[in-house]
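Chains as they are written, first to last, in the working numbering: chain A, 1 to 453; chain B, 1 to 453.
Just so you know, these hints were derived from the structure itself, not from any lab.
Just so you know, not all the hints are guaranteed correct.
Each pair may be met inside one copy or between any two copies, as identical chains are not told apart.
Below, in silico cross-link-like pairs of lysine-lysine (DSSO-like), each with a Cα-Cα straight-line distance of 27 angstroms or less [said to hold, decoys possible]:
(1) 184 / 112
(2) 418 / 229
(3) 263 / 229
(4) 418 / 10
(5) 10 / 229
(6) 78 / 229
(7) 418 / 263
(8) 149 / 184
(9) 184 / 229
(10) 126 / 112
(11) 126 / 286
Number of protein chains: 2
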Amino acid sequence: MYQTEKLSNKDFITELRILINSQDEASIRLLMEETHFADIAEIMEELTTQEAIYLFDALDPDQSSEVLLELDEDLREKILHHLTPKEIAEELDELSSDDAADIISELPFAKKQEVINEIEDAEFAKDIVDLLRYDEDTAGGLMAKELIKVNQNLTVFACVRELRRQAQNVDKVHAIYVVDDQDKLLGRLALSDLLTTSLRTPIKDLYLGDMQYVHVDTEDIEVGHMMQKYDLEAVPVVDDLGRLVGRITIDDIVDVIREEADKDYQLAAGITGDVEADDGLLEMTKARLPWLVTALIGGFIAVSISRTYEDAMEQHVKLLFFVPLIVAMAGNVGVQSSAIIVQGIANGTLSDNTWGRLLKELSLSFLNGIILSAILFFGARLVFGDTSLIATTLAISLMAVMMFASLIGTLVPIMLNKFDIDPALATGPFITTSNDILGIIIYFNIARLIIGF
Amino acid sequence: MYQTEKLSNKDFITELRILINSQDEASIRLLMEETHFADIAEIMEELTTQEAIYLFDALDPDQSSEVLLELDEDLREKILHHLTPKEIAEELDELSSDDAADIISELPFAKKQEVINEIEDAEFAKDIVDLLRYDEDTAGGLMAKELIKVNQNLTVFACVRELRRQAQNVDKVHAIYVVDDQDKLLGRLALSDLLTTSLRTPIKDLYLGDMQYVHVDTEDIEVGHMMQKYDLEAVPVVDDLGRLVGRITIDDIVDVIREEADKDYQLAAGITGDVEADDGLLEMTKARLPWLVTALIGGFIAVSISRTYEDAMEQHVKLLFFVPLIVAMAGNVGVQSSAIIVQGIANGTLSDNTWGRLLKELSLSFLNGIILSAILFFGARLVFGDTSLIATTLAISLMAVMMFASLIGTLVPIMLNKFDIDPALATGPFITTSNDILGIIIYFNIARLIIGF
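Sequences and hints are given; from them, build the entire structure.
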């Protein structure tokens, strides 16, 4: 029995490397038998590709397929590349249909077909081919074909016998689904009802009809929201005809929820695509450079606009020193407003009342703006000894800039969402940059009005 | 049977409001019986407090406790305030021990004791008092006391009888835990083994010892990582003596994972504390103003530093126009670097190799920096017609600023994490502001070297 602690990875890996280099397959297998497949996968990420492949080949077949599933996509690709279609088919045989389909979908087109042909269990191969049809971001792409279902016309007695037969293929039984002759989903059976009712009772008198289900085309995020909201551990999936075609379990949804939250955070930080800390340099550049170029172009626009005030500014250099402060505050306020909206949309907790939302953000900015403008006014007067004209310009500009920034920060994600564009795009560099430009325009115009140039 | 679709909330709520205002309790109860408790909770958030309380009182007792649990903290507080200790105790009686403890922990101190005294089931009251001892961010604070356990000295026959008895108190059976006479956790039973083995077999010959467990003091986030990594749907919790004291199920962990990701995102956006889109104005101000004040002070420092160059700048006003661009780029790069590190730390996917990490971020900034500096150089020359001295200053400054920004963006969260401070604090306004200051210092000094003033 083992508690999760940080593996003392270094010593363990050193020992393992020695075994790998001396090609001591028996000792490796013995050592790995004591290790959880998720830990083996983590260890393999620390090895060189060659060492990882050697280790993988040395694993017990019971473990290797689970390890394959846990690996990072990059390393899995290398290992799959090194295996023959027949070997891959054997690995898949140990997995459930959804996991097997996920792995096959990563293979090059030609190899996909070869692997499917090598799968011995015809039913399993058919299930996988079925699953490959669905978009990976939908309920169909997430579901497994393995589930327990019984026909409504069976008696309790026949049902229990049927359950015993089916349960061999299903790892975890979350629910027993009831279908009609056309396989249409009707409801579910409570295990307790099954155990306490007369054996001759027909299932159709026993099943519960009040259950949640999703359609194969339902988006994965939506399935996640639903399972969270209703605290479901599994949900059945139906096709256009209402037929039961699969089920989704909570462990798959945990990954979806986590990835969605990570993606929003990365977008807010100006990183597109799902990159991780250990991805390659080129992938990382691709994920970040476009944002930086956008920000640079935004910066150019801001410089162009402020340079139209060049003559005036030569007389009022002091004003220029405050530009970074004003635009930074605009950026911060905009990001704060948009983050709350983006998260509200992602979690489904945002109410439909756009105007109320906007009013709230504006009030908030007004409240914060009064305090911050006062600090800025007295700061400019006392710290920098600026004239009260300059201090007034700064205070009013900050106030105006904050109000506009929260207006943009609130409306842009809501509007993007209405047009079905990911609202998380609006946060991060995009909002910061557009608020920079807006901030400069507001600031210089207020300065012109107050100081006069 | 119902598929999740967006409730056509408005019509439904209008109808409901009419029933509430005409005090038609019977119709309300009938309407609500068809509605899932999670949906009722959502509907209540849309009503006025008075309407919500009326609706709550009208609910069937079977539903009301589940609805209470699903409500937002603010509204729950109002409803609890309106209930007597005895009524609260009756609501709690329908819940599992962890949920009941969560609700009690939100009560004012005096009422807590009164409610506990009103709970009829002494065992249940004791469980709740036990649970209240634990910090809410630990395994102890997350776990429920309801679980299925059997003594290793029982036979399969006695065990099955014991299971039937215990199963009445436990909603979902994820595992059967095996303990010794001192209640120490030994392992778990596979249901299939129980069904296929002779009834006289002692449990101690049957149980599986290879299982994960956590300690009551393990942090909730760590429990989440573990359950995700090992795909667990439930995990047992032990105390200092190794005794089985509770279990944590995946649905509680889903919330932990989601909240953690949300918190990181909010910190990156400059919002502290767990606020939601529908929180009050004062809570929102408290969550945002401190960051904005910090950013403003950072802005002041940046202004102070640049004003030491005031005389020189009067000769080179053109340089000042580019300050917002340079600092914005520093901010963007810093946030990109830190977001990847913060996420890597949060997901446990960051390797221990700090120097390798740093080298990677620096290479990335170098790569991006060359491209962006070239754009900036030619932009300044061609678009703005600046001298090549200014264009060179800009290009070199951008390069240097980007390298420093990624250095800070990488090291600050790693160091904070080493000192056990939440690394997410480092992202957002903090990194942006410090990079603003650093960017200005670098820019003016490079300008002085190249242009000479």
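Hint by hint, here is what the structure shows:
{"no.": "1", "hint": "184 / 112", "verdict": "neither (31 angstroms within a copy, 49 angstroms between copies)"}
{"no.": "2", "hint": "418 / 229", "verdict": "within (23 angstroms within a copy, 36 angstroms between copies)"}
{"no.": "3", "hint": "263 / 229", "verdict": "both (21 angstroms within a copy, 19 angstroms between copies)"}
{"no.": "4", "hint": "418 / 10", "verdict": "between (50 angstroms within a copy, 18 angstroms between copies)"}
{"no.": "5", "hint": "10 / 229", "verdict": "between (42 angstroms within a copy, 20 angstroms between copies)"}
{"no.": "6", "hint": "78 / 229", "verdict": "between (39 angstroms within a copy, 22 angstroms between copies)"}
{"no.": "7", "hint": "418 / 263", "verdict": "both (19 angstroms within a copy, 25 angstroms between copies)"}
{"no.": "8", "hint": "149 / 184", "verdict": "within (11 angstroms within a copy, 38 angstroms between copies)"}
{"no.": "9", "hint": "184 / 229", "verdict": "within (25 angstroms within a copy, 35 angstroms between copies)"}
{"no.": "10", "hint": "126 / 112", "verdict": "within (14 angstroms within a copy, 58 angstroms between copies)"}
{"no.": "11", "hint": "126 / 286", "verdict": "neither (37 angstroms within a copy, 57 angstroms between copies)"}
Consistency with the previously given hints fails for numbers 1, 11, ordered from lowest to highest.
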